[in-house]
Each structure stands twice: as structure tokens, then as C-alpha cells.
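K.L.:
Those sequence lines, one after another, are chains A and B.
Using our numbering, the first residue of the first sequence is number 1, and each one after it goes up by one.
Using our numbering, the first residue of the second sequence is number 1, and each one after it goes up by one.
Quick caveat, the hints were computed from the structure, so don't treat them as lab data.
Nothing false has been slipped in among the hints.
Pair ranges (Cβ atoms, derived):
id: 1; chain 1: B; residue 1: Arg196; chain 2: A; residue 2: Ala82; range: 21 to 27 Å
id: 2; chain 1: A; residue 1: Pro115; chain 2: B; residue 2: Glu58; range: 40 to 46 Å
id: 3; chain 1: B; residue 1: Arg53; chain 2: A; residue 2: Gln63; range: 24 to 30 Å
id: 4; chain 1: A; residue 1: Arg10; chain 2: B; residue 2: Ala90; range: 38 to 44 Å
id: 5; chain 1: A; residue 1: Ser77; chain 2: B; residue 2: Arg189; range: 27 to 33 Å
id: 6; chain 1: A; residue 1: Asp56; chain 2: B; residue 2: Pro39; range: 33 to 39 Å
id: 7; chain 1: A; residue 1: Phe112; chain 2: B; residue 2: Arg53; range: 51 to 57 Å
id: 8; chain 1: A; residue 1: Asp88; chain 2: B; residue 2: Val71; range: 34 to 40 Å
id: 9; chain 1: B; residue 1: Pro110; chain 2: A; residue 2: Ala86; range: 14 to 20 Å
id: 10; chain 1: B; residue 1: Ala172; chain 2: A; residue 2: Gln63; range: 55 to 61 Å
id: 11; chain 1: A; residue 1: Ser77; chain 2: B; residue 2: Glu58; range: 32 to 38 Å
id: 12; chain 1: B; residue 1: Asp216; chain 2: A; residue 2: Ala43; range: 32 to 38 Å
id: 13; chain 1: B; residue 1: Asp41; chain 2: A; residue 2: Ala83; range: 19 to 25 Å
id: 14; chain 1: B; residue 1: His147; chain 2: A; residue 2: Arg10; range: 30 to 36 Å
Don't be surprised by glycine CBs; every beta carbon is placed ideally from N, CA and C.
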Amino acid sequence: MKISTGTGDRGRTSLYSGERVPKDHARIEAVGALDELNAALGALRASLPAVAAPFDPEIEDLQKTLFAVGAHAAVLSGAEAAALPAVDPAVVGRLEAAIDRLEAELPALTGFILPAGGPAAAHAHLARTVCRRAERRIVALAATDAYAPPPAALAFMNRLSDFLFVLARTLARLEGQPERLWTP
Amino acid sequence: MDPLSPDAAAPPPERLFSAPIIARRMLAADVFELAWPRPADFVFIPGQRVRLRLEGLERDYTLVSAPPEPVLRICLRRIASGALSPRLAAAALGTRIEFHGPCGHFRLRPAGPSPVVFVAAGVGIAPFAAMAAAGARGYILLQGARHAAELHYREVVAPHAALYVPCLSAAATPLPAGAFPGRVTGYLRERLAPGRYSLYLCGGREMVRDAVTIVDERFPESLVFTEIFA
Chain A
1 MKISTGTGDR GRTSLYSGER VPKDHARIEA VGALDELNAA LGALRASLPA
51 VAAPFDPEIE DLQKTLFAVG AHAAVLSGAE AAALPAVDPA VVGRLEAAID
101 RLEAELPALT GFILPAGGPA AAHAHLARTV CRRAERRIVA LAATDAYAPP
151 PAALAFMNRL SDFLFVLART LARLEGQPER LWTP
Chain B
1 MDPLSPDAAA PPPERLFSAP IIARRMLAAD VFELAWPRPA DFVFIPGQRV
51 RLRLEGLERD YTLVSAPPEP VLRICLRRIA SGALSPRLAA AALGTRIEFH
101 GPCGHFRLRP AGPSPVVFVA AGVGIAPFAA MAAAGARGYI LLQGARHAAE
151 LHYREVVAPH AALYVPCLSA AATPLPAGAF PGRVTGYLRE RLAPGRYSLY
201 LCGGREMVRD AVTIVDERFP ESLVFTEIFA
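Go ahead and model the full structure; you've got the sequences and the hints to work with.
P.N.:
Next comes the structure, spelled out in C-alpha cells:
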């Protein structure tokens with residue numbers, strides 16, 4: 001398999017459907033944001049301290065789900081999407097359970113938290129913001145194109161950023177970093 | 001089930017298989033076909049590849065055989081300076097190879113309103129031979145080679161084409177009937193009627209890159225699927 005094709009040297013690329021589009025096409029923007037999010041999760045995994053190692057397989061599963069979301073973002077029709085791996089709605093429930101589990105161990109929020117902490121917490125915050133951007137790009141597809149990723153994909157993205165927020169707070173604690181609130 | 005159908009059962013995850021080489025057929029001085037038994041549980045879609053391993057070396061090769069066949073076949077060019085192809089060219093029958101697969105997404109998509117155009121250069125004909133053997137019909141095929149003798153698998157792909165155009169870049173005149181004097185990219189640029197097509201391109205990087213540039217300029221509403229051979 002050749003990574004470099006040279007077919008995009010003039011600013012156009014092919015969607016999974018075969019359609020040639022400019023590289024700033026809404027679908028390419030969505031796929032690119034999802035790719036960036038997946039890489040951010042990889043950086044997060046690489047930065048996990050030993051005490052947070054149990055989160056690694058959980059985050060790896062999220063990366064795999066993101067590939068399915070990305071595949072749906074890259075097609076133009078439901079017919080094409082039928083051949084793609086489904087986004088399992090159960091993953092949303094698992095994220096909600098994880099959010100509840102982590103939140104139960106955290107102090108109540110009393111203000112806006114500065115996105116910081118140790119390396120792992122900071123990576124989680126960064127991934128959270130990329131996740132929100134990817135979510136916005138997918139929502140934009142739903143508004144303009146005939147096919148948008150399924151509702152489970154949107155719910156997953158929405159829940160994933162919430163999960164990354166509570167994960168960031170959890171990791172900051174595990175890294176021994178105090179939470180700093182924004183004070184106007 | 002139609003092996004070309006996207007509704008065909010999804011192939012299982014890639015696995016490692018092992019089999020002995022059972023046949024080698026020379027197609028030209030430097031092009032040959034290898035065959036080995038197809039494991040009963042090896043399922044693939046025409047156009048997909050296997051990653052072949054021998055003596056610690058690995059390369060991807062598109063299967064030229066169709067799924068129902070009891071053997072798997074690949075077509076490759078012997079590259080004198082290459083690592084694996086000279087070994088495969090010299091391997092004795094019975095030599096065991098290992099292979100992963102199937103892999104790749106270069107497969108015939110559901111039929112749409114646009115005419116299907118296959119564009120192959122050299123051994124890039126392999127996936128189209130597999131598709132034709134599995135039932136693809138009515139396509140336009142531009143097959144590129146230097147000489148008519150290098151139009152490998154012509155007997156497999158040409159009979160099922162609505163239009164078959166051998167594109168011969170170094171053939172002596174007079175050309176065979178229906179042949180285009182030049183590369184496949186020349187035909188795309190000069191002869192293919194304007195329109196919206198579903199184009200499948202397989203060959204070297206330069207051909208694919210040039211063909212996509214032509215498609216962007218002359219057939220901008222077309223669908224394009226590519227597979228690059230070394």
C-alpha cells in the first residue's frame with residue numbers, strides 16, 4: 001500500500017465515495033478534526049502516569065469508535081454508510097457510566113477550571129477541545145449535506161467531551177495537581 | 001452471493017495464512033503469475049490485496065484470481081533490484097509462503113448512473129481481471145502497455161467490456177484494430193468523451209497522479225478510486 005499518491009497536490013482529494021472535493025470541503029474538515037482528536041487521544045495515552053494506566057484500554061476503545069465515526073463522516077449517502085462499521089449506541093451508555101463513576105470521586109464544581117494540571121490532565125483538556133471542534137464539524141454536515149453520521153455518533157461526540165473533562169480533573173488529582181479556578 | 005456486491009459478507013479480519021506455491025506462469029520475460037491453494041476460510045472481495053511474506057520480506061500484491069477459484073493468484077513484475085520479486089521468481093514450486101489478508105478498499109462500488117471506466121497500466125490490470133472474472137460487465141477499459149504482447153489478461157477483461165481500448169505507448173505501426181497510440185493518460189486527455197464517470201485507476205504513481213489531474217480538469221463530476229502499484 002502506497003501512502004503517498006500525489007493525487008492531492010492541487011488541493012483536491014477523494015472522499016470514500018470517490019467524489020473529488022477541495023481539501024477544505026466540509027467533510028474533509030470533519031474527517032480531519034476527528035483524525036486530530038484521535039491523535040490527541042494517543043498523546044493522552046502516552047502521557048498517562050502509571051497510576052492512571054487503567055484508563056489506557058478505555059481510551060483505546062474510544063479511539064476505535066472514532067474510526068467508525070470518521071468513516072461515517074467520509075461518505076455521502078446512507079447506502080454507502082450501510083457497508084461501514086456501525087457506531088454502537090451502547091458506547092454512549094458506557095461513557096455516561098464512566099462519567100458518573102469519575103464524577104463521584106471529584107469535588108463539586110464551583111467555577112470555571114483553568115485547563116491545566118499535569119501532562120496527562122493537560123492532554124485530556126486539549127483532547128476535549130478538539131472533540132468539541134470535531135463535533136461542530138459533524139453537526140455542520142447534518143445542516144448542509146444529505147447524509148450525516150448517525151445520531152449515535154453525535155451523542156458519542158457530545159458525551160466524549162464530557163468524559164474528557166471529568167477525566168482531566170481526575171488525572172490532575174492523580175498527578176497531584178490542584179485545580180485552579182478562574183477568578184475574574 | 002454476488003462476490004462483487006458490497007452487501008457480500010464483510011471479510012473477516014486479516015489473518016496470517018501459509019501455503020505452498022503450486023504454479024508459476026510466465027506472462028512476459030519479466031512478468032509472471034504465482035498461484036497457491038486458497039485456504040477454505042480465506043474470503044476476499046475482487047480488487048483486494050494480500051501481504052505476502054517470504055524469507056522475512058513482505059510486499060502487498062493484488063489478487064488476480066476471483067473468489068470462487070480454489071487457488072489464489074497474483075501477477076507481478078520481476079524487479080531486478082527489488083527485494084522480494086526476484087525471490088518469488090526463483091522460488092521452487094512447493095516453497096511455502098505466508099500471507100496476511102485480505103486488505104484494501106479498491107473494489108467495485110454499487111452500480112450508479114455513471115459509466116464505469118477501468119484504467120490500468122502494466123500489471124495494474126490485476127484487480128480488473130479479478131473483477132471481470134467475478135462478474136463485472138459493461139465497463140470501459142483502458143489498458144496501457146508498451147506493446148500488444150504486454151496486454152496481460154486481455155482474454156479475461158476484454159470480452160466483458162463495453163469498450164476495450166489497448167493504449168500502446170511503444171507499439172510499431174500499424175497498430176492493432178481499436179488500439180490507441182499512446183498512454184492511457186493520453187486517451188483520457190484526448191479521446192474519452194466529456195461526461196461523468198466512475199473511474200478506477202490502477203498502476204504506477206505517476207500514471208495515477210496524472211490521470212487524476214486530467215479527471216479533475218476534464219471530468220470534474222466523476223468519482224475516482226485509485227490503487228497504486230510500485
